[in-house]
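Residues 1 to 1067, numbered by UniProt numbering, are exactly what the sequence shown covers, in order.
By construction, these hints were calculated from the structure, which means they are not laboratory data.
C-beta: ideal position from N, C-alpha, C; glycine also.
Accuracy of the hints is not assured; some may be wrong.
[What the hints assert, rightly or not] The list that follows gives simulated cross-link-like pairs (lysine-lysine, DSS-like), each with its CA atoms no further than 27 Å apart:
(1) Lys246 with Lys331
(2) Lys357 with Lys411
(3) Lys388 with Lys411
(4) Lys704 with Lys638
(5) Lys222 with Lys244
(6) Lys716 with Lys704
[Claimed, not checked] Now the in silico label distances, taken between C-beta atoms and shown as ranges:
(7) Asp578 with Asn632: 21 to 29 Å
(8) Leu746 with Ser840: 36 to 44 Å
(9) Gly870 with Thr1037: 23 to 31 Å
(10) Ser717 with Ser840: 23 to 31 Å
(11) Lys339 with Ser241: 35 to 43 Å
(12) Ser956 with Asn1057: 53 to 61 Å
(13) Asn400 with Ala318: 38 to 46 Å
(14) Asn1057 with Ser976: 46 to 54 Å
(15) Gly870 with Ala804: 38 to 46 Å
(16) Gly559 with Glu619: 28 to 36 Å
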Amino acid sequence: MGFLFGGKGTTTRADKLGDFQINSASYGEVVPDILGTTRVSGNVIYWDDFTAHEHKQTQRAGKGGGSKHTNITYTYTVAAAIALCEGPIQSVGKVWVDKEVFDYPNPNIQLTLFSGSLGQSPWPYVVGKHPEKALPYSGLAYMAGVVDLGDRGSLPNYNFEVRGKLLNTGDGVDVNPADYILHVLKSAGMGDVQIDGIDNYRRYCAAADLLISSPPSMSAQKAQQIINDIAEMTNAYLFWSNNKLKIVPLADEPVGSWSPNKEIKYDLGIDDLIPGSDGQLVLYSRKDSSECYNQASVEFINRSNSYEKEVVSFEVVADVQRNGLRPASVKSAHYLYTKKRAMYLAEQLAMKQLYAKNQYTFRLDWAFCRLEPGDLVTLTDEICQLNKQVVVITAVNEANDGQLEITAVGKPPGTYSPAKYDVHENERPFVDYNQPALSISKLSVIQPPGDIAGDELLLAVTAPNGWGGCNIWVSDSGTAYKQIGTLNHRARIGSLVSGLTDTGTTCTVKMSYGELKSGTHIDAERGNTVCWLNGECLSYETATLQANGNYVLSGLVRGQYGTTAVSHNAGEEIVRLDEALFRAPYRTEDIGKPIYIKCTSMNIFGGQEQDLADVEAFEYTIKPYYIPEVSNLTLYTKYYDLGQGVKSYDVVATYTPPNITSFDTAEAWYRESGQWQYGGRGNGQVIISGCELGKTYDVRVQVKDVHGNYSQGVIKSIQVVMKSEKPNTPQGFRVSFSDRAYFNWLEVRNADVDYYELRSDLNVGTDAGLIGRSNNTTYSTDSLTNRQGTIYLYAHNPIKGYSAPAVLEYNVPVPVEPVISAITPRLGGVAVAFGSIPSSCKGANIYIDDTVYFVTSNSAFIALDGGVYGVKVAYVDLFGEGAKTTEQLVTVEIKIDAALIENLKITDEMLDESIKTELDKLDGLDGIQTRVQQTENSITSIVANLSGSPANSTYSAITQLNQAIGLKVGRGDVVSAINVSPETIKIAGKYIQIDGTTQFSDGVIVNRMLSAKSVSADKLNVSSLSAITATIGTLRTRTSGARVEISDNLIQVFDANNRLRVRMGIW
């Protein structure tokens, strides 16, 4: 019937995968750092665009092909990136794709290498398809591509042969272990570490073909573990000695051009070895025969067999024939990738296990401190039957008693060089702690100015080499001594080679001990290199060492600390004043008395101190140290007319104080004859009052320092005579303005001046134009009214009259306009801040509308009622105010600060918590209960009636905290309370009644203001009521009968019968 209905068709459709499955993608994996060449599987770090591709295949069947069959299948592709390791790498060699192996590059791999260089470009595919995901993966080597997955939804099993870093250090495939170790240290942040013996180790590894690569399965390891594994695998010692990291190969036989260490350091015998507590020189131990293995096996990675693990073994045939086969456990050495290298390691391990079975422990003194691990020595001990047995040292430790405890293992017989060191003819080192103490060579006693030492003697000693310090003893009689301290340093003392003039700036010195270091010119000026040269303090800038050992000191700063620069002769002693000198204090009453000083020296170990009776005593008489005098001392008389014919004279002493930091004051003493009398003290001037006309006075001015010591003093004389000459014109006439006008001038000294007269005109002696008179050299007034003018100053003598005037013209500008920085409204006022008040002004005027407030600081708070105010500011000086600022408006609102309300809330919570705590303690009790509880910061008193139902239980409480007081009465849920805090008062209750006359001073009611209907018409009594607008509802003159009703937009009039008679408005 097919010719009627046509042939039949069937379709077969394969299942379509919905998602891509990842073989290996782990978050947080360690990124390997591949050195050499190894095989890795990688880690998927990116995939996208998993796409299904449909494939149809149609076949015809049946007679004449009348029926057909369609088979639908799917293949898949995905864009993926597989991370390999840290970059950059050299290349990728073989690539395993499932069971097939290809050499990269090959189209069948379907991936492209990104070598991991810093700053490498992103994968172009992602840049074009998904630019927002395009990451460069800088420093990461990876393979990326669009992979044809076939009919499966996961990547093939990829493995990659990665040619990583440091290939040039080995054979181009593997790495020299020496460079591998250095790379690990650099990666751990210790790239500057130098390894002693690394070059010899590198040659050994190259000659022995012990080249390595990173293991294929690398997990995170400490750098220490990696380095120790490599050293053990290459048969080397790696150890720390003398602040250095050292490495020593332990191979016994030459390999290629490299030769092992065959040098014996010492031949150790009975004269060298130190016996133990049991008398043994060498402690000998031997491994059990079951642990003396003669076969070693090594597991390695065979690169020629697709990086599979294999095991090789080496047997010591002679020992196997003699003792039978004793295999050791397999040693894992996955750093090795060739069978030859694994066999060499197995041979070294087998020989080491067999011949290092004997272990020796012995002790030496510190004469052998140069020994360290890896060194060869021979041991000779008859008891242990050792005769120049060659051993290699494996450990050197310091025992508790300070001796060296050394551990070594035996070496096989062979040819070795003779011992490098022979100590048999030398005695063992011996430290003599009882060496006699050496006496000091010289003691110098210095009394520098007070700025350096004050009431102290500086003691400087010189001593020969080997001197270990000394104790210093002092006596005032030469018989009984007292120790005052210890000196541990020799002073830098020398002498002048040639003379030095009082103006010289260069000198040559020969030092008995110590070195002199140069400074700067500032160091010299500040006394940082100060020296004491026979009574003079001087500092140098540069100290230049000469070939003959002398120093040339240049850039000298002379006469420091109040001393005087004088000439000095060759041979005079010079001492560097520093911390090497001992400071011995003395009392003021000791000045002028002799003292005796002894120095008992010790040896360099601080022992064997000299006997006090055996050392020489140095006698020294304490002198007043030099205090510089005042300079420019001048005396003059000052006249006073006390009225009623009484005249008085003062003697005024002016001077310049010395430039020393220890200066305290200067005291003036005077006398007509006989004893000196105290006249006063000051800094630059002293006035001696009550001197008599016609008498001559001696005046002595002495400098007093902070230590209470005085200089000798400078003396001058003056006769008090009447000076009736016409006064000179006053000099130095000047004025300054602030709240007043302040005048000052220099004193006129050629005549007796009874007063100075300041005027605004030239008419002396009259009241008109008189500003004021002063018998001093200053005057102040606030009477000036003009900003510009001329002032005349006269000196007046009672006999000769007035001097010529000193003329002073002044012109005071109008104060500038202030700059307002802030106008801030506050509760009940406004805060105003503006620029600093100029020194020529006495304050500022703040204008609040038309009211003026004078202030003397540039910020002020002015209390105001609520409202809008205009604010202006102007500076004010002696003559008036300056320009005002532009008016600024500010609104003062009468409201309570939200912070105060918040504080009230906190206070309420604290009071409630205190009461609740005490009520909880009364819970469960019955009847009237009273409780008073006092804690560190609160007192709570509660009286409670707890009988009956909870709704009827009542209580009253008074709580006092350090910042609040609360009163509370409660019944059930109804509570009345008054809480008082520093900022607020809160009254709470169901009903509050105030019977007495109440005044709200601030007129502040917050939140709801006056609640609706709380004020009725019968309680409203005002003479007039006005408003702009009002919503009043219905207003009636009466509730019934004849009345008028006013409502919104309508006025109605009713008669006595409640009948509407008039209606006006809108209805």
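Against the structure, the hints:
Straight-line distance between C-alpha atoms of Lys246 and Lys331 comes to about 25 Å, which keeps the hinted pair within the 27 Å bound. As the CA atoms of Lys357 and Lys411 are separated by approximately 10 Å, the hinted pair is consistent with the 27 Å bound. Distance hint between Lys388 and Lys411 is fulfilled; the C-alpha atoms sit about 11 Å from each other, no more than 27 Å. For the hint linking Lys704 to Lys638, the alpha-carbon distance of about 26 Å falls within 27 Å, and the restraint holds.
Between the alpha carbons of Lys222 and Lys244 the distance comes to roughly 20 Å, so the proposed pair stays at or under 27 Å and holds. Using a Cα cut-off of 27 Å, the hinted pair Lys716 and Lys704 holds, with the two alpha carbons roughly 18 Å apart. Separated by about 35 Å at the C-beta atoms, Asp578 and Asn632 break the suggested range of 21 to 29 Å. Here the CB-CB span from Leu746 to Ser840 is close to 23 Å, at odds with the stated 36 to 44 Å.
Checked against the given bound of 23 to 31 Å, the beta carbons of Gly870 and Thr1037, roughly 46 Å apart, lie outside it. Evaluation of the 23 to 31 Å hint for Ser717 and Ser840 yields a failure: the beta carbon distance comes to about 46 Å. Remark: the range hint 35 to 43 Å for Lys339 to Ser241 is upheld by a beta-carbon distance near 36 Å. For the pair Ser956 and Asn1057, the supplied restraint of 53 to 61 Å holds, since their beta-carbon distance comes to about 60 Å.
Separated by about 43 Å at the C-beta atoms, Asn400 and Ala318 satisfy the suggested range of 38 to 46 Å. Separation of Asn1057 from Ser976 is about 52 Å and conforms to the stated range, judged on CB atoms against 46 to 54 Å. Against the hinted window of 38 to 46 Å, the Cβ-Cβ separation of Gly870 and Ala804 comes to about 54 Å, which falls outside the hint. The hinted range of 28 to 36 Å is satisfied by Gly559 and Glu619, whose Cβ atoms lie roughly 30 Å apart.
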